[in-house]
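S.K.: Each chain, written out:
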Amino acid sequence: MIATQIEPMTALAQLQESKPDRVTIVLLSGDLDKAMAAFIIATGAAAMGMRVTMFFTFWGLNTIRRRGARSSAKDWLRRMFGLLNRGGADTLPLSRFHFGMQTVMKQNRMPGVPELMQTALELDVRFIACTTTMGLMGITKDTLIDGIDQFAGVTTYLAEAKQGSVNLFI
Amino acid sequence: MIATQIEPMTALAQLQESKPDRVTIVLLSGDLDKAMAAFIIATGAAAMGMRVTMFFTFWGLNTIRRRGARSSAKDWLRRMFGLLNRGGADTLPLSRFHFGMQTVMKQNRMPGVPELMQTALELDVRFIACTTTMGLMGITKDTLIDGIDQFAGVTTYLAEAKQGSVNLFI
Amino acid sequence: MIATQIEPMTALAQLQESKPDRVTIVLLSGDLDKAMAAFIIATGAAAMGMRVTMFFTFWGLNTIRRRGARSSAKDWLRRMFGLLNRGGADTLPLSRFHFGMQTVMKQNRMPGVPELMQTALELDVRFIACTTTMGLMGITKDTLIDGIDQFAGVTTYLAEAKQGSVNLFI
Numbered sequence: 001m002i003a004t005q006i007e008p009m010t011a012l013a014q015l016q017e018s019k020p021d022r023v024t025i026v027l028l029s030g031d032l033d034k035a036m037a038a039f040i041i042a043t044g045a046a047a048m049g050m051r052v053t054m055f056f057t058f059w060g061l062n063t064i065r066r067r068g069a070r071s072s073a074k075d076w077l078r079r080m081f082g083l084l085n086r087g088g089a090d091t092l093p094l095s096r097f098h099f100g101m102q103t104v105m106k107q108n109r110m111p112g113v114p115e116l117m118q119t120a121l122e123l124d125v126r127f128i129a130c131t132t133t134m135g136l137m138g139i140t141k142d143t144l145i146d147g148i149d150q151f152a153g154v155t156t157y158l159a160e161a162k163q164g165s166v167n168l169f170i
Numbered sequence: 001m002i003a004t005q006i007e008p009m010t011a012l013a014q015l016q017e018s019k020p021d022r023v024t025i026v027l028l029s030g031d032l033d034k035a036m037a038a039f040i041i042a043t044g045a046a047a048m049g050m051r052v053t054m055f056f057t058f059w060g061l062n063t064i065r066r067r068g069a070r071s072s073a074k075d076w077l078r079r080m081f082g083l084l085n086r087g088g089a090d091t092l093p094l095s096r097f098h099f100g101m102q103t104v105m106k107q108n109r110m111p112g113v114p115e116l117m118q119t120a121l122e123l124d125v126r127f128i129a130c131t132t133t134m135g136l137m138g139i140t141k142d143t144l145i146d147g148i149d150q151f152a153g154v155t156t157y158l159a160e161a162k163q164g165s166v167n168l169f170i
Numbered sequence: 001m002i003a004t005q006i007e008p009m010t011a012l013a014q015l016q017e018s019k020p021d022r023v024t025i026v027l028l029s030g031d032l033d034k035a036m037a038a039f040i041i042a043t044g045a046a047a048m049g050m051r052v053t054m055f056f057t058f059w060g061l062n063t064i065r066r067r068g069a070r071s072s073a074k075d076w077l078r079r080m081f082g083l084l085n086r087g088g089a090d091t092l093p094l095s096r097f098h099f100g101m102q103t104v105m106k107q108n109r110m111p112g113v114p115e116l117m118q119t120a121l122e123l124d125v126r127f128i129a130c131t132t133t134m135g136l137m138g139i140t141k142d143t144l145i146d147g148i149d150q151f152a153g154v155t156t157y158l159a160e161a162k163q164g165s166v167n168l169f170i
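Residue numbers (the working numbering), protein chains in the order written: chain A, 1 to 170; chain B, 1 to 170; chain C, 1 to 170.
The hints are simulated quantities; they were obtained by calculation from the structure and are not laboratory data. As the structure is a computational prediction, the values presented were derived from the model and not from experiment. A hint or two may mislead.
Just so you know, same-sequence chains aren't split out, so a pair can sit in one copy or run between any two.
Said to hold, decoys possible - Below 25 Å or equal to it, Euclidean Cα-Cα: the simulated SDA-like pairs (lysine to any residue) are:
(1) Lys106 <-> Thr140
(2) Lys141 <-> Asn108
(3) Lys141 <-> Arg66
(4) Lys106 <-> Gln118
(5) Lys141 <-> Gly112
(6) Lys162 <-> Met134
(7) Lys106 <-> Gly44
(8) Lys162 <-> Thr140
(9) Lys141 <-> Gly44
(10) Lys106 <-> Thr119
(11) Lys162 <-> Ala46
(12) Lys162 <-> Arg51
Chain A on its own, in the form it takes in the complex:
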């Protein structure tokens, strides 16, 4: 009888284990405040032992571009788009006022996006760059930072997200 009573508990434990606390964040926005929020949540969750995957798409790809890296796209239109849409985590605009916030952050010694991103990488947050929109944005692999885990599309994102307990679109 003890065996049969333990059985369902073991099965339940396995079920719960098969759904560990996973966090996925799609970062579409290139705004400084939204990128900050995304990385604060990502690093916070990773520090709490959760498995975190960030999926960078559209303007969010700017966050993971190397500073000053130029588009190496072959055709002039994509190259021009890449030039206009400059990258690097330290050049993101704010969704509203840019005024003041950056200065306040420095005065209060708050980590900015580049520092948060570094922490995320150190805490093994997985970075996935969206291949579908990279082409669209004139962004090539050689212009992205080191530490990108995967170049993939929506299927890879969904396979992770459906196991996730917290899935955010930012």
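Please arrange chains B and C on chain A, whose structure you already have, making use of the hints.
M.R.: Relative to chain A, chains B and C alone:
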């Protein structure tokens, strides 16, 4: 004894079946890039066999308006609002630069929002139009595309979302 | 034998009970339409018996500022930022046209953000103000409305969200 050992597994299977992989997407934004992201995720999930529900509200309702359809709202203010806020999936603005992206998409034969939306409908993605905000936006049923499954409010959305494994707000 | 067959069901019921229907909403945006959507979902979910937690961060903090309250930040930069970035749920801008919507809402007797927020508080929606960004935005506790349940950071949010069935970032 075999029966009792099978029992919990069956119950677990039932539990897992009662929580199938469902995706819900609230599309509030009327920006081209965000609508594209929403439909790429929706069609991707549906192609993977997930049950997908899209809930269109506020500017997201523009995505599912028939091209060139005019508001048939009775009062002048709503009608005017409907005119200013023109609909149709092929007239969505971009959250940042409009320049280039549409051309790059065509050059690379990427599907646009109208094509993605058509695929979504073919893959049985459920479309729900938010009745609360339709009134607010001066949008009437007769100006929306065919294939809307339901005209409903927040309760219908939440009933689906609480069964969902991936719930996004875009 | 009956006992062993009931056992897994009880265990399953406990598992389901340990994951009640919880909703978390991060409100980063200060746009009227997005704040409305957030509060419509929050009040709808609370009315359906779900446990709802709203986490106000960045511009979303403006929603829960007392009308006309001035920043009491000591340093001039934060104070200036607080002045520029005026608070109060009735002064939120719209993410697109401001024109018309407010008037249409009044004509149709739709509740605005202040009314929805009041209903949310009455339905025991929990309000958490993000301490990390309060400092950044030059917002102090004494300038926020009454009824804030907690002043906390990302860890508190994640602890709730990982129990949630619907977690939205707005």
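S.K.: None of the hints should be skipped; say for each whether it holds.
M.R.: Here is what the structure says about each hint:
| no. | hint | result |
| --- | --- | --- |
| 1 | Lys106 <-> Thr140 | between (32 Å within a copy, 19 Å between copies) |
| 2 | Lys141 <-> Asn108 | between (35 Å within a copy, 18 Å between copies) |
| 3 | Lys141 <-> Arg66 | within (10 Å within a copy, 39 Å between copies) |
| 4 | Lys106 <-> Gln118 | within (17 Å within a copy, 36 Å between copies) |
| 5 | Lys141 <-> Gly112 | both (24 Å within a copy, 24 Å between copies) |
| 6 | Lys162 <-> Met134 | within (24 Å within a copy, 31 Å between copies) |
| 7 | Lys106 <-> Gly44 | within (20 Å within a copy, 40 Å between copies) |
| 8 | Lys162 <-> Thr140 | neither (28 Å within a copy, 35 Å between copies) |
| 9 | Lys141 <-> Gly44 | between (28 Å within a copy, 23 Å between copies) |
| 10 | Lys106 <-> Thr119 | within (17 Å within a copy, 39 Å between copies) |
| 11 | Lys162 <-> Ala46 | both (18 Å within a copy, 13 Å between copies) |
| 12 | Lys162 <-> Arg51 | both (13 Å within a copy, 12 Å between copies) |
Against the hints set out earlier in the document, a violation occurs for number 8 only.
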